[in-house]
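One line per chain: the protein sequences are Z and A, in this order.
For the first sequence, my numbering assigns the number 1 to the initial residue and increments by one for each residue that follows.
For the second sequence, my numbering assigns the number 1 to the initial residue and increments by one for each residue that follows.
Treat the hints as calculated values from the structure; they're not laboratory data.
These numbers were taken from a predicted model, which means no experiment stands behind them.
Beta carbons: idealized from backbone N, C-alpha and C, even for Gly.
Any given hint might turn out to be false.
No farther apart than 20 Å at their CA atoms in a straight line, the calculated lysine to aspartate or glutamate pairs in the EDC-like style are these [unchecked claim]:
(1) Lys-220/Z to Asp-354/Z
(2) Lys-269/Z to Glu-363/A
(3) Lys-787/Z to Asp-773/Z
(4) Lys-269/Z to Asp-111/A
(5) Lys-308/A to Asp-666/Z
(6) Lys-791/Z to Glu-741/Z
(7) Lys-382/Z to Glu-204/Z
(8) Lys-381/Z to Glu-309/Z
(9) Lys-44/A to Asp-354/Z
(10) Lys-450/Z to Asp-415/Z
Quick look at which bits of chain A chain Z covers, simulated, 3 or more residues with Cβ under 8 Å [stated by the list, open to error]:
(11) 61-68
(12) 143-150
(13) 366-378
If the Cβ cut is set under 8 Å, some of the chain A residues that face chain Z in the computed set are [as the list claims (entries may be wrong)]:
(14) Pro-186
(15) Arg-360
(16) Leu-392
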Amino acid sequence: MVTDRHALEDVRETWPMTTGGTMFVMRLSLWALLFAVNTEANAADGVAGFDQSVLPFIETHCLRCHNAQKQEGKFRLDTLPREFVVQATAQRWAEVVFRLNSGEMPPTKEPQPKPQELGAVVDWLSTRIQEGEAARMAQRGPVSHYRLSREEYGHTVYDLLGVYFDVNLPGAFNEDPRWHGFDRIGSLLTLSPSHVDRYFRAAETVLERAFPDQEPTSQKTRREASAGQGLVGPVRWPLWPGHGQHLVTASMPGLYRIRIRLSALPSFKGRLPHLALWHHQLKRSIVGLDVDAPEDKPTVIEIETFLPEGQFNVMNESPGMLADGQTPSVSQSPFVNTTDSRSNQPTAYRLFNDAGQSIFPLLIVDWVETEGPILPASDQKKRAGLIPAQADDLKAARESLNRFVTLAWRRPVTDADLNRYIQLIESEVAAGETFRSAYRAAMVAVLSSKNFYYLEEGSPSLRRDTVNDWELASRLSYFLWSSMPDDELYGLAQQGTLHRPEVLRAQLTRMLADPKIGRFTESFPRQWLQLHRVGAFPPDASLFPDYDKWLEQSMVQETTGYFGEVFSKNLQLREFLVSDWTMMNPRLAMHYGLPRPEVSSLQRVLLRPEEHRGGLLTQASILSLTSDGTRHRPVHRGVWVSEAVFGRTPPPPPPNVEPLAPTPSDQPKATIRMQLESHATHATCASCHQKIDPLGFAFDNFDAIGRWRTSEQVPGGQGISPPVNASGQLMDGRSYNGSEEFKQLLAQDTDRFAEAFVEQLATYALRRVMTIDDTAQIKAITVASQKEEYKLRTVIENLILSDLFFKR
Amino acid sequence: MHEVNRDHTVSRRRILQSLGMVVALPLLNDASPSLAAETDVVPKPGTFPALGTGVSLAGELVSVDHVNRRGAIRLVGDNDDSRYHSAPSHRFAMLPYGTVRYHGAPAELRDVPIGTLLHGTFLLPAEGITAYPPIEKNQSKYVPAQNQALTLEDDFSFYERQGQSWKITAVDISKGTLNVSSLGQPSSAGLTGDCVFEIDRSTRVWNGRAFGELKDLAPDQSMQLNLTWAPEWKNGMFHVADVWIDPESRDVAREVQRQVHIRHMRTRWLPGWVDHVEHQPGGGGIVSVTLFSGMDQTLYDAARAEAKPGGGASMAAAEWTLRTWWQEHDSRNGPVLDFKDSPNPPPGSSGLQLRVQFSRLLEGYRAGRIIRFRPNSFPNVKLPPEARINSLDER
């Protein structure tokens, strides 16, 4: 642990270096290049920076009332330390920022600073406060503990025991706290009695399923629409939007295979019906997909998925039109086809247009087969040798337990560790439990131990700056697989050879080729890009009637699928900023106004310039998560770009900011941008908005759910909807007109983006916030990756082979 | 008393012909081809008939199924003993856009007493619509095929609308005769010139805001009257049921009926049909409707007034009979986007077209289908059970 002062001195020393330097310095320098503001002040970070950037301001505006002689508000500034890593000190400085930001200080009767002066001071102090917070969060003692996120817990018990445990079920686990989207930051994943209780209950559940008293048997059932109708002709089940039929039952949690023969008719607007399995008890769908099959050519859909216990509706989850209690009342008689079974009830909802096309996406089901729980041999193999074959064989039990604990704790175990559990077995047997039950109790205790749900790095008695091979194996596997190491990694850790570059490289190649890498390509972009915020503010149904849950899911799938494509093709990081392709499904194509793909699953499609997409920044997920459900938020978009693309969090907004008022009815309609530009003329706002807003205005051609537009719909006000102005100028003077030019500006400086990306990747991999101490190594990884034009796999490989990855 | 008009044989034939039989008689006696061209009009759903189509028939209302807007009239006599002896009454159904007027104001069949002489325009049964009354294979030669009523009016409405009234030329209470002569614009069909009608103490004399007496009838009075059956019906003789002998009495009758009509329509809603449906994603759409004619202007104004921010209307699916199902429950409500008034609309059309935005469409919202339109200012009430349709078989 280095003190903040040391860090600052390091910065001063490393600043002139051309090849070394720190991430922090480079980041700010690049930022300064972007904004070209206060370059000198930013360059002079640290204590000297304080003397240059803050002290003159304080002397002019603050010290007269907050000095040795006079402490207005009992606040003294002249002796306030400048070590922001100390929480108490940082809080005092945060108070200063708060008062300055809010306009409370300097008092109105005193001379007022220029907005630029005030903004520079607030920016400098805010940056130091953030760095101090990062340093505190990254503090590590002799032993570091990183609790598994609930997502990792689920993957780990599956890889350990072949048991699917839905960590998202109500009551299973609490949602993990996030830091800028990352939910695996060790310092945030604390432990409470509630966690312990849930870990215990989860362990009991998992082990009961892994080693049940009675082995489950797989059942196969079939439900047919024609069955029992007593009719000659084929009868079918019509499923209108929002309607489903209870056709699937999962007798216990597990893997199920469901086959459904159906027709799927798109709406007259071309929208495909969305088939889903809807869980009665959870009141939500578990799995869903778009389907397209003509009425006279039904298809068979096969879904193999893990299901929680319960009853399921096969459901048409297209946007529900029948939510107000009315039923479609297609016909009094069983449904046969859309021609003969039309309603002649004039008060029923209208289902077909004059051309005979279905107004709504329609599913017509013939039969459903359910098979499960399927017990794959691969899952059963995981459990082999973890439980003694013979009851009352303590020796065998010790061997089995040794293997189980070694796997579960991801390290060798001592006899002392084992003895505790052997004693537990003995005491349970003595209390009258069966041997199997007693052994299982010991296994529950193993999984309820902190050694299971915490990743531990370090030694209590030995100061180590790097991880050992066992810790390296876990670091690798939780980075790439979000789960425990497999046998091969264990073996190499056991041999003590995993850390060797050639071994590590070989393992990396193997791990990247393993299907479990999908967990990384799914989870990392969600955390890096903060996709958990998509739908956090559900769009107003009256403003966005086309928005639905499937669109929301499709938005996220586009982004994670895009990341997966870049990964699988090993494309350059530049593709995240600009590209002529994206990942598309029919729902998204409809949302974007693009031709419907021929197949209904997510697939790569080429884009034309006039379609205004390409790269991550103009994907609907990103544009939605930076909106608030009623309108787009240029400032939020700017902040998001700053964080995700540049790895920099702008200072927080001042308190009590007046919200933008709706356009008065007697005034011309004004865009959000027009209102913001008026807002940003205030002294306390202008300095920050000058930096943030240009990053958000570039996307003004996209509304709150990411649809392209050329004019902005403004509630209230008079006149026509004002045209969008998506032009702007960065602080370095470069100007753009529209998102495409803006993205090109970003792509001109891939180095900056790559460095920020490496920092985000390292945060995910190392489960901690990056600090000034890490900047040199981050820079080194970036430089090493530059030779390979920042190909994604190269960046990952360079991170894993770097000193940073070994750094404890 | 029925013998009093034997002196008027010449005028009687003219009377019979003018009472609609000018058209009906040729029909009954092989209509000429040129006439058939304009009388053999078959109405089509979604299309109003052209001006001047249909046949004019007159007769006494003898039965009414007011819920289904159906009834029967006994056509006026034509000196044919056999016809009077054996002809069945002429059963008719109101076209959905068919109008009834009574006492000079819009009305429903239920407002018209049995026994009232009515003047109407009739078309052939519409194709595609369940024909009522059914055309029988051995249809009586005395029953015209035109049984779809486009208009029905009592004498008051019929003559007043055409600018014709009556002047008393002589009254003989002891003999029970009322001699009249037409005034003003002669009606295009119906009685004109000099006529003699029966009166007796059953005749209601309306004077000012009160009942009068037969002795209030005096030569040179200008009046309107409603006729009914008399024993010499087959020879074109009528009895006077009501007579309004001054303008105030006519105003009172007209206004009372207008209010009856307004009250009725505010709860039954304004009939019209769907011109066009513009489908939107998600099951919504914009429905254009044209309201039928024959209603009080204040009701159309109420519909127009909803075309404003915050305004709206409900629309219930209705049948050819104008009956609805469970209108306040099954209808949909939405904002009225705009309206348009077309000048010189065809018969049956008000010329008022409105566009309504709905988030959900009903099966009954199809071009050519009948609807009932409720401006939001009208009450949203449940109709009595016999007025509602409860199953498809009831239509």
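Hints, one by one, checked against the model:
no.	hint	result
1	Lys-220/Z to Asp-354/Z	43 Å, violated
2	Lys-269/Z to Glu-363/A	19 Å, holds
3	Lys-787/Z to Asp-773/Z	24 Å, violated
4	Lys-269/Z to Asp-111/A	49 Å, violated
5	Lys-308/A to Asp-666/Z	18 Å, holds
6	Lys-791/Z to Glu-741/Z	23 Å, violated
7	Lys-382/Z to Glu-204/Z	18 Å, holds
8	Lys-381/Z to Glu-309/Z	23 Å, violated
9	Lys-44/A to Asp-354/Z	18 Å, holds
10	Lys-450/Z to Asp-415/Z	18 Å, holds
11	61-68	violated (count 0)
12	143-150	violated (count 0)
13	366-378	holds (count 3)
14	Pro-186	45 Å, violated
15	Arg-360	6 Å, holds
16	Leu-392	6 Å, holds
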